[in-house]
Amino acid sequence: MPERKLSRRQVIAAASILVLLVALLFVPKFRSEYELLNYTRFLILALMAQGWNLIGGYTGYAAFGNVAFFGIGAYTTGLLMISKWAVPFFPAMFCGAILAALVAVVIGLPVLRLKGHYFAIATLGVAEATREIADTWDSVTQGSTGIDLPVRSEGEFFYYSALALVVLGVIATALLVRSKLGYAWVAIREDQDAARMLGINTTPLKVLAFALSAVFAALAGGLTAYQNIHVTPGDFFKLEYTLQMIIATIIGGTGTIFGPVLGAGVYQLLSTYVWTKFIELHPTVLGLIIIFFIIFAPRGLMSLVSEGLKVVRGQKRFRWQGLLANVRAHRVT
Amino acid sequence: MVASGGNGTAEVLLEARQISKRFGGLAALQGIDLKIFRGEILGVIGPNGAGKTTFVNCISGLDKPTSGEILFKGVDITKMPSYAIGRLGLARTFQVVKPLKQLTVRDNVAVGAMFGAKGATRTTAQARAYAEEILERIGLQHRQGHKAAELTLPDLKRLELAKALAMNPELLFLDEVMAGLNQTEIERAMELIRGVNRSGITLFVIEHVMKAIMGISDRVVVLHFGKKIAEGNPQEVIEKPEVVEAYLGERFAKRVRGERKSP
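Residue numbers (our numbering), protein chains in the order written: chain X, 7 to 339; chain W, 195 to 457.
Please keep in mind that the hints were generated in silico from the structure rather than gathered at the bench.
Here the structure is a predicted model, which is why all the values come from computation and not from measurement.
Backbone N, C-alpha and C fix where the C-beta goes; we use that ideal spot for every residue, glycine too.
Mixed in with the good hints there might be a few duds.
[What the hints assert, rightly or not] Label-pair restraints from in silico Cβ distances:
1) W/Q296 / X/Y124: 19 to 27 Å
2) X/S312 / W/E326: 18 to 26 Å
3) W/A314 / X/D144: 19 to 27 Å
4) X/A21 / W/R388: 47 to 55 Å
5) W/G243 / X/L181: 28 to 36 Å
6) X/R15 / W/A204: 52 to 60 Å
7) W/F217 / X/G320: 55 to 63 Å
8) X/R15 / W/H336: 17 to 25 Å
9) X/D154 / W/A314: 46 to 54 Å
10) W/G443 / X/R119: 38 to 46 Å
11) W/P241 / X/K244: 52 to 60 Å
12) W/N242 / X/D141: 14 to 22 Å
13) X/R15 / W/N376: 36 to 44 Å
14) W/Q296 / X/K322: 16 to 24 Å
[Claimed, not checked] Cβ-to-Cβ under 10 Å is the rule here; a few derived chain X residues that face chain W:
15) W143
16) S145
17) R184
18) A193
19) I206
20) G261
Based on the sequences and whatever the hints tell you, model everything.
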């Protein structure tokens, strides 16, 4: 951030973010309790996607097991709250995040030395293993019956908590990607040999990205656990959660600051809409829409937005080829 | 043996002792001994498959030699990871260029400035400013805002050089930075390389363009089938029969020798 003076562009960007934020602050005033639940789901998905974006988007390692950290966050939060110490919610959630980060470090150190595809498979295995542990460790997790948390029913509490975490997530992401760490992550993604030769000690920095992504997932897990009251292995270690965060990030734009949030919004909107229109075919229709996005906007909506802004500003003429360039970017010749 | 030519000093900056590298049954390098003197431009030539790039990979830590040891500034770097070697002051370019495609040209170079020998002392803003300085020096500043993915091959070769220079190396390995360049571009690249050397950086230059390597090198080393077959003053080295033979084949070499005997 070399220039102190803000350009007009930055002022407009900041203003629109502010307007959006204020609008989100007033959502609970104008929406029913049921609708608010969808908004909270969007924010929790955004939080998970932001985390996945750090390892999958910026560092370029397709993690397929982040649901493990979601589950660890959920169980840690729940177990601490119902333990004999009766830890309050926020400290409990915080502990869950720390534990998830530690687990990510232990798993990451061997697994992040693997190349991309093998890493993906290994993380998938880890997610399955954590589910099995939660399922069979009866004395602690009460197996497949699951645990019950103290009841808290006001939807606004969860909505505002999630909103605050997402805003913090955006700020954290923005700061991280502008730091040396962020540059190192992108260098690792673009070419690992080049990154190493440029003086980057890749393994610890990859592990850090993985641990931070685990923190986001664990916070989302803790919040969801408290909201759902009941935590079971089947509900919290679902592969579906991993897929959702990946899809949301891709729809919005991998390796962009706002992409995961935008993508989560679009995903939640589509999911809710499709759910009400096609109850029977819900997964099929949603699947088709996702395929559409992957084929026609593989770089995500953020790239379309930034290209669109260039056209509006008159820096670029609108051309259909521009849209196709986005499609071609990820084709095999 | 003469320690060094024009620019070299007597100080040994890097010493490779008995470097061998085997890939399965293939002996890519067989007991290479080599000294690089501070301040010199050491040219390396040899036919395709002679082991030039393998040698650079072994020195720069991207690959480990099967046996032998490497001392850089007196430090044993044989088993050091490449990032640590880079921070110690040894940088390289890649023959098959490795740009960070989605980053701008300026940010590509800034990464080198952030993590190289002086990286720890620079903030990201300072690294970016230094990157601009480097780009100006090598004449790539007009592309600094472009993504690396948009560059042409000659510009990508220059970007490789810029990234390596941003690391503030004492020793720089250039792996065929002139391949694919036309005559004018080669002239410019030679001037650039001389300038880099004048700024105090010792150079190890692998090149196929014979005119270029003869024009810039203080000393020349010839590799052939993983062995060092000649070393010394450029003009003398390329007239050695074994070098001519390695490059042109036995029959042609005999003809050359024959012509010399009876002018």
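Verification of the supplied hints:
1. W/Q296 / X/Y124: 19 to 27 Å: holds (23 Å)
2. X/S312 / W/E326: 18 to 26 Å: holds (23 Å)
3. W/A314 / X/D144: 19 to 27 Å: violated (51 Å)
4. X/A21 / W/R388: 47 to 55 Å: holds (53 Å)
5. W/G243 / X/L181: 28 to 36 Å: Distance hint for W/G243, X/L181 is violated at roughly 49 Å.
6. X/R15 / W/A204: 52 to 60 Å: Taking Cβ atoms as reference, X/R15 and W/A204 lie about 57 Å apart, which means the hint holds.
7. W/F217 / X/G320: 55 to 63 Å: holds (56 Å)
8. X/R15 / W/H336: 17 to 25 Å: holds (23 Å)
9. X/D154 / W/A314: 46 to 54 Å: This hint holds: roughly 51 Å between Cβ atoms.
10. W/G443 / X/R119: 38 to 46 Å: Given about 45 Å between the Cβ atoms, the range holds.
11. W/P241 / X/K244: 52 to 60 Å: Once the Cβ atoms are compared, 59 Å apart, the range 52 to 60 Å for X/K244 and W/P241 holds.
12. W/N242 / X/D141: 14 to 22 Å: violated (58 Å)
13. X/R15 / W/N376: 36 to 44 Å: Given about 40 Å between the Cβ atoms, the range holds.
14. W/Q296 / X/K322: 16 to 24 Å: With a Cβ separation near 19 Å, W/Q296 and X/K322 satisfy 16 to 24 Å, so the hint holds.
15. W143: violated (39 Å)
16. S145: It is violated, given that the least Cβ distance between X/S145 and chain W is near 44 Å, above 10 Å.
17. R184: holds (7 Å)
18. A193: holds (5 Å)
19. I206: holds (5 Å)
20. G261: holds (8 Å)
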